[in-house]
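Asks: Residues per chain are reported as follows:
2 protein chains.
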Amino acid sequence: MLTPRTPASLVSVAITDAFLLPRLSINREVTLPLECAHFRDTGRIDAWRPDGDPAAPAERHVFWDSDVAKWIEAAAYCVQVKPDPALEAQVDEIVALMADAQLPDGYLNSYFIHAEPDRRWSNLRDRHELYCAGHLIEAAVAYRDATGKTRFLDLMERYVDHIATVFGSAEGQRRGYPGHEEIELALVKLFRATGKQRYLDLAAFFVNERGRQPHYFAGEALERGEEPHAERFRYYQAHLPVREQTTAEGHAVRACYLYAGMADVAAETGDEALLEACRTLFANLVERRLYITGGIGSTHQGEAFTFDYDLPNEEAYAETCAAIALVFFAHRMLQIEPDSRYADAMERALYNGVLAGVSLDGKTFFYVNPLSQYPPASHHHGWVTERQEWFNCVCCPPNIARLFASLPQYLYSRSDDELYVHLYAGSVWTTEVAGRPVRFEQKSDYPWDGLIHGEFGLESPTEFTLALRLPGWCRAPALRVNGQPWPLETDRGYARIRRTWQDGDTVELDLPMPVERVAAHPHVRQNCGKIALQRGPIVYCLEEVDNGENLADIVLPDDAPLSIGYEESPFARVPVITARGRRRDPAEWQGVLYAPLGEAYYDIPILAIPYAWWANRQPGEMLVWINRA
Amino acid sequence: MLTPRTPASLVSVAITDAFLLPRLSINREVTLPLECAHFRDTGRIDAWRPDGDPAAPAERHVFWDSDVAKWIEAAAYCVQVKPDPALEAQVDEIVALMADAQLPDGYLNSYFIHAEPDRRWSNLRDRHELYCAGHLIEAAVAYRDATGKTRFLDLMERYVDHIATVFGSAEGQRRGYPGHEEIELALVKLFRATGKQRYLDLAAFFVNERGRQPHYFAGEALERGEEPHAERFRYYQAHLPVREQTTAEGHAVRACYLYAGMADVAAETGDEALLEACRTLFANLVERRLYITGGIGSTHQGEAFTFDYDLPNEEAYAETCAAIALVFFAHRMLQIEPDSRYADAMERALYNGVLAGVSLDGKTFFYVNPLSQYPPASHHHGWVTERQEWFNCVCCPPNIARLFASLPQYLYSRSDDELYVHLYAGSVWTTEVAGRPVRFEQKSDYPWDGLIHGEFGLESPTEFTLALRLPGWCRAPALRVNGQPWPLETDRGYARIRRTWQDGDTVELDLPMPVERVAAHPHVRQNCGKIALQRGPIVYCLEEVDNGENLADIVLPDDAPLSIGYEESPFARVPVITARGRRRDPAEWQGVLYAPLGEAYYDIPILAIPYAWWANRQPGEMLVWINRA
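Sequences listed follow chains A and B, in order.
As numbered in this note's numbering, residues 217 to 845 make up the first sequence, in order.
As numbered in this note's numbering, residues 217 to 845 make up the second sequence, in order.
Hints are not guaranteed to be accurate.
What the hints assert, rightly or not - Computed Cβ-Cβ distance ranges for the label pairs, DEER-style: (1) B/773 / A/691: 23 to 33 Å; (2) B/496 / A/577: 39 to 49 Å; (3) A/553 / B/443: 30 to 40 Å; (4) B/661 / A/819: 37 to 47 Å; (5) B/706 / A/593: 38 to 48 Å; (6) B/773 / A/577: 46 to 56 Å.
Hints were generated in silico from the structure; no laboratory data involved.
The structure presented is a predicted model; accordingly, all values stated were derived computationally and were not measured.
Positions of the beta carbon are idealized from the N, C-alpha and C atoms, including for glycine.
Let the sequences and hints guide you as you build the complete structure.
Replies: Here it is in structure tokens:
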């Protein structure tokens, strides 16, 4: 058996952070109601009603249940942190619709019940049935935890018990698994919420069957009279049994949901081989297939991974949901084996690729998060990239909502006599260690400043280990305990301080964060000769509104000093990077497309803003990787 | 009326050039027989027989006639230059099949006659009927010129006369035009070959109807019960009447075939507005949408132009046929108004983008000509880019064959008292000027050396102008007449020497061709911070076989000396460029994807070969645009 750490519970952490709190408030107060209204408007809630209902729309979709489920999950976290009877009533209304819709055998999927009742389980590969079930399970567990109400969880247990009769290795059962993973990690949540071993067993079954021969998707396709198309199994991470997979392949969201589920099953079963597969996949992902923004999925084609070191910037897919899925996977690995590599990936994704997915006002969303945006706003074709209020496939907005609503859990975790700090943010954590209650108050201006102040509240002196993550981006961390320098004893990227802590003891972690030029591995051909600007965990970018058109031609000399400050910032309390760079004047190229080298470069001021803040003012170009000189 | 120059006739120019002659011989002796065999094997020739023929394949294609026609055209040029009864017999056999197939009304299309007789002219937009007719016309004219035999031309005149009954502005006629242009320029050839005005009128009709409202393609689609899809008209250059088009749009081959046809019609009709549209389109094309290799068409999607300055390298389409089509367009403009800009574009395409389309041995072909090739040969997915022996859509190989077979025409042209030299290549041109016979012998080691020697053979002293093109790539041309320096009097990029020439007079044009670093316009975002190596008209590239994997990481410092020489060349008589560059060592990045700038660069030797020679040894990476430092 592995002995994973336990993440902080949602209610045990009070966020007080000047950076995060406004985002979380907007998530709760703006995004959440907006999404619910959209769901109602688009028929996603009425979809639970029988076909005859006049409010039912013409075109149901197979994954509508998952959209609503993610929203319920987000709502549950919000209700758990701060009671909200009106919000709770909305959820109860939806749960009642589900209860009415549930079939006598427990089956519960609004699409198939009403639109294609005869096609249940006929296409696991493409039709999202188990995926929707997974999201509903996650929502039901969150809602029970938030409210103590069990109705939704009861519905889902009945549904899962039905699923367990359909799928399994016994005679007459299907040895299938979802084309879009999700239910695996959800079933582990359900196991943890109920203690019922059969849910864990079903999760393990889905994980273990995946990619085996004879291939389920092939047989299923033949049953439907279709070609098996084995060459497409990679898209579903079903090209090999999961323990034999060594590279992150296919649809990036599915991949990381699968890996998260694999990590969960490994954590609960102690399956070392499965865990090793997770480690291998994680390493491949972060060492060869990860955008500097924490985005994953290099191509629009299949919203998918491509191959090692292939990270095109303008053509990047980097779906918001995929960055979120990476957070899920990394967070699970971090509980199994605290290693700052996991937390680094989680932080990189959170502060860049995920945060970019929603506008500052919480009202519009990016599905795709390129690292370079062209053409400029003036382009005569006039197409622009702006966050959208809504998508037909609206997976990302409620995914952001549930992640933000549950964010406090990601900051800390603990074991019997260890407290871990993974992310730095102003907060108060009330938990217990070595059998005694403890309060840990964190103060900082992170991510804009690297000085972290922690203070313990203890009823009596207690011996335990405080493990503080030393971010991978930091070159010279320094530690003080009660104001005195403290030697860094590090283990896998965590500074460990074991001592008998007293009430009022303080710890200060100083993480100097100069602005840095970051280069990519030489095999990332798209970034050769370029650098990105990063400060602390924050990746910066150039935007047209600040730097003019044609960002690609801007050159930042290696020796140009980089300044950080608030004065020139277009955003309150957000520091920007300024420097002197160079560019050419297109006016000197009138009528000329190619010319012998020797053209003049002109000095220009450069202003870089955090990547996650782009596209919050006006449409136009954006660029992360800047040409060196 | 315009007074265009007359291109040299095919038989008037004897190529003696050490560079071109082997290519043209291989074209005749290897490529041409190989293509004919492929056509037979794939049923393209039997396609002319009735359906009942057992040799007829299952899947005819609407543009098969054009493939065979281009091959006949090439064969005709070969026969014209050097009698070849066996080759002539092959053509006669095909012509006999066509004669048998031709319908009583003159209609002549192997696909529609046999496969869909009831669908004639029902989809001009997509089904290549008029396109195939155009290629057959070109072939028939060439074959008549080569052999004096009129049977093929007679068939085609009957077909065109039929077409002229179907299309026109009279009551009951269709105001249509082809979705794939080609017949326009072919009809002008037919007009010139027969002197029959009605063929020119039909060409002008097709040009002038294009893009007008009510839109023919829209009406035609509605007749078929389909949506008009007006947003796709740009693909066919049918989004606007041609005189209102100002940017090169849509499918690049179609575009340049249209522009060539427009230029032809303008030349014959003196239509200044049409000519002005050609000038505008040409300027847009070469100033904003042209690869340095002479390739055009930036995207695979629709094999098409995208927008100004959008020239992606790895994703370039740059179809071989499109570079050829640009040669056609530029060559026609050059006759109308001798301006070296046209000849420069023609030369750029010929020596780079077109030449790259066929292997040195004449047996394999590129359809797509990117300016960067990735991944390396070692890549675990194992896909590689190599020239192919054949394509299902095999437009490019016979297009190369007919261009090469007719190449002598492109070197020279003349008017009453002017002789123009557009391209430099060892050759003897026997023509007339000022009413008297003249012989012009050109000797050079072009494109590897810029010293051009010319000598006149004249029966008696004759006053005329010799106009020598001063290539746009040359910074310091110098001229000598009979060994004495001669002042450069230039007009639109041509050095004009007007004098009374004597038998034995010599002229020497010295075109210094140092290796140059070429930069692209600042708006070509894909090439910012990069240079290409060019010497004379030849664009160079790096290949993996010479420079190792991961070419994108190679840096060529601006101050690194560039050497040109034959010693290190993998190709006989082809000079290569050598220099010292730098690169990083991926071994130092083990397990690291992003790191603060400061990594070591190592000195490496760089070897660049002419772009057109790439992919002649082993598969692997290739790169034209190199990072500066």
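Asks: 37 to 47 Å was suggested as the range; check whether the CB atoms of residue 661 of chain B and residue 819 of chain A agree with it.
Replies: Since residue 661 of chain B and residue 819 of chain A have Cβ atoms about 45 Å apart, the given range 37 to 47 Å holds.
Asks: That 30 to 40 Å hint for residue 553 of chain A and residue 443 of chain B (C-beta), does it hold up?
Replies: Given range 30 to 40 Å: violated, Cβ gap about 57 Å.
Asks: Check the following: the C-beta atoms of residue 773 of chain B and residue 577 of chain A are separated by a distance inside 46 to 56 Å.
Replies: With a Cβ separation near 47 Å, residue 773 of chain B and residue 577 of chain A satisfy 46 to 56 Å, so the hint holds.
Asks: So does residue 496 of chain B sit 39 to 49 Å from residue 577 of chain A, Cβ to Cβ?
Replies: 45 Å, holds
Asks: Within 23 to 33 Å: is that where the Cβ-Cβ distance between residue 773 of chain B and residue 691 of chain A falls?
Replies: Holds - the Cβ-Cβ distance for residue 773 of chain B and residue 691 of chain A, about 29 Å, lies within 23 to 33 Å.
Asks: For the pair residue 706 of chain B and residue 593 of chain A, does the Cβ-Cβ distance stay inside 38 to 48 Å?
Replies: 42 Å, holds
Of the numbered hints stated above, the single one contradicted by the structure is hint 3.
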